[in-house]
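2 protein chains.
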Amino acid sequence: MQSSPKILSSRYAGDYQMRRPGNTGSFPPNTARPAVAADPSELALIEAIRQRAATGKARGPLRLGIGDDCAILRPRASDEIVITTDLSLELVHFRRDWHPAEAVGHRCLARGLSDLAAMGARPMAAFLSLAIPPELTRKKRGTPTSARSWMDRFLDGFFRLAESFDVPLAGGDLAQSPRVTGSLSLVTADILLLGSVPRGRALLRSTARPGDILYVTGSLGGSAAELLALERSPQRYCNSLPTQPHPHLYPQPRLATGIKLRADGLATAAIDISDGLSTDLAHLCEASALTAEIDAHSIPIHVMAVLAEKAALTPSALTLALHGGEDYELLFTAAPATRMPPKIGGVPLHPIGRMLPRRAGRPILTLRSGSHRKPLDPGGWQHFRPR
Amino acid sequence: MQSSPKILSSRYAGDYQMRRPGNTGSFPPNTARPAVAADPSELALIEAIRQRAATGKARGPLRLGIGDDCAILRPRASDEIVITTDLSLELVHFRRDWHPAEAVGHRCLARGLSDLAAMGARPMAAFLSLAIPPELTRKKRGTPTSARSWMDRFLDGFFRLAESFDVPLAGGDLAQSPRVTGSLSLVTADILLLGSVPRGRALLRSTARPGDILYVTGSLGGSAAELLALERSPQRYCNSLPTQPHPHLYPQPRLATGIKLRADGLATAAIDISDGLSTDLAHLCEASALTAEIDAHSIPIHVMAVLAEKAALTPSALTLALHGGEDYELLFTAAPATRMPPKIGGVPLHPIGRMLPRRAGRPILTLRSGSHRKPLDPGGWQHFRPR
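Residue numbers (the numbering used here), protein chains in the order written: chain A, 1 to 387; chain B, 1 to 387.
So that you can see chain A by itself, here it is in the shape it has in the complex (with noise of 0.2 Å):
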């Protein structure tokens, strides 16, 4: 039943430990192998994990990270702690054959990120937990000894994005995928983000008021339309990572933005885009019990998804733009009265409409153009459907 490398396990202790190799596909795992033979890709792995978890700067709040039963943070008196999870599930949420390893882990940290950045939070420490083939630890064969693994280059990407944002890892968990004859076995992995607001601050969905702006950060459509794009040449996206924007592959969560609206009182209700503005302006909506208007000529639609349009990848950029999801922007009211800087931090603050009060038979989201309303859906997304 027990399935941790024994000898091996004192090496990184409590949290991160790496089921040993013969326990997949079977349960029991097979335990006729000796302890002692784990794979060495894997305690590289660990190692790896180990020692870029306690690089970086100073760690604030961070008591104790990887190697007790917990790790222990210590938040400032004055503030309270915020909690997200997100899982990434591969055929799910990405695939190997389009995405880049290192894409994976910055879109696995990304997505928590932008949850905190939904709250006005300031990142305090991140948990990651992995379940993988064990394939993925090692370097593929026949290429140079310098060549990274698969886990390697998820790391890349998941630690670049978290210096940035100077998140520490505190701790996780680390498994075998399970292998069954005949079946796939598949990577998993379950972001965990803490994140710090003054109490009682941190921006919620539930407290837009009616007749407040809507607005809008960065622009929309594009992580839709970069996948459009992935879909059909994925080889020419891997290759292509350093020199373009990656809406997609590389989406910037909002931190800066979230924790200068919330500390400035520019806000009163916040969420994050990642099901697409239809879907998340109708969380907000709900929340708050209101409705909303916006414009259609107000959306602010990225570059990428005006050139899916032309390629005829998509019939309308407004399409992405509304249903897209995975922009990871946010979407925030504020009262009509306040002076809203057009950019925060270098991101634009698009303003996109407005709050309504609920009324019989007024629809949840309305999406006027010019002086035409209509109700807006949004449930829209599958009208996107890449072909």
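By construction, these hints were calculated from the structure, which means they are not laboratory data.
Accuracy of the hints is not assured; some may be wrong.
Said to hold, decoys possible - Selected chain B positions facing chain A (Cβ under 8 Å, derived; list incomplete):
id : residue
1  : Thr-85
2  : Asp-86
3  : Leu-116
4  : Ala-118
5  : Ala-131
6  : Ala-170
7  : Gly-171
8  : Gly-172
9  : Ile-213
10 : Ile-271
To be verified - Where chain A lies over chain B, by a calculated footprint (3+ residues, C-beta under 8 Å):
id : region
11 : 197–210
12 : 334–345
Every residue, glycine too, gets a C-beta built ideally from N, C-alpha and C.
Given chain A, work out where chain B should sit, using these hints.
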């Protein structure tokens, strides 16, 4: 790419997002199905989770649970928080044909609670990320409508334990396990627990001192013994749940004991026994830069381990107690002058050995039997492999 049920997600918002049916086994998801066609049993599951998460007594430090981008916790200013995560993977940590669904839910939470117990922490909130095959959310055909789905039963076990320790479920994530033709779709659960301890008072692994007495709570080897029995006749075990002790299926995390040891200053260091006495003691020694000697005749052996030896399921009950793992008892050290009560909260405390300085030629672990001493291999668990 988006996989949450758009219309439906507003019912549970942010954290608990069920991926819509039709999204599994293809990426991007099969968007041909209308967004409103989510499986009613999935909706029922989400509602069940939300409702059950909201029940129970006052939620203490939990300010905001399921329903926004993040949950919010407000720890006391005098406390720090401890965090642990644990994966539970089908075919690695449990088998659906051996473990009743209730036990899988119980064990998932118990693993995390036991980590809190080892720190002397008080539970604050749990987060549960689940990837599940969609058929597990449905009731079995041909059974009465009162029959519960696998997931219902998983949650029964989870919440029964959560409620017994007054731990609110504050969030998580929910997804369908990917299904690929010809492949199994498996259950993955990741449990996250947050607890609180007064600042600087958490029990650690690294603070044992030479000369300290080693103690263990309860008795050992029961979990491994039950697993041996379970392997032989899973059906008999599945049908005998309520009437017997089940150290493997329903381990009891030692939270009250851990809190008392910490609050009364009784322990100098602690760890929970998840990987087996020998392995976890090696962790403790390594973290404290010490060695340990334990007395074979002092180790409290679970009656089920003794029965397993008599039934020839194992050559030795002691082997199960030393190396079996998953007993989720506490292993802790105390100064020799400390007057240790024989029990805390009904759980017996047994002295089993002592901590010694590191010395050239001295093994990390020594097992004493009368006047005979021999090195103890912390990888010993493979010797009792179920046959």
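Against the structure, the hints:
1. Thr-85: holds (5 Å)
2. Asp-86: holds (6 Å)
3. Leu-116: Because about 7 Å separates Leu-116 of chain B from the closest Cβ in chain A, which is inside the 8 Å limit, the hint holds.
4. Ala-118: Holds: closest Cβ of chain A sits about 4 Å from Ala-118 of chain B, inside 8 Å.
5. Ala-131: Cβ of Ala-131 of chain B sits 6 Å from chain A, so the hint holds.
6. Ala-170: Where the cut-off is 8 Å and the nearest Cβ of chain A is about 7 Å from Ala-170 of chain B, the hint holds.
7. Gly-171: holds (6 Å)
8. Gly-172: With a closest approach of 6 Å, the Gly-172 of chain B hint holds.
9. Ile-213: Check failed: Cβ of Ile-213 of chain B comes no nearer than 20 Å to chain A, outside 8 Å.
10. Ile-271: Interface hint status for Ile-271 of chain B: holds (6 Å vs cutoff 8 Å).
11. 197–210: holds (count 6)
12. 334–345: It is violated, with 0 qualifying residues against the three required.
Consistency note: the structure conflicts with the earlier hints numbered 9, 12.
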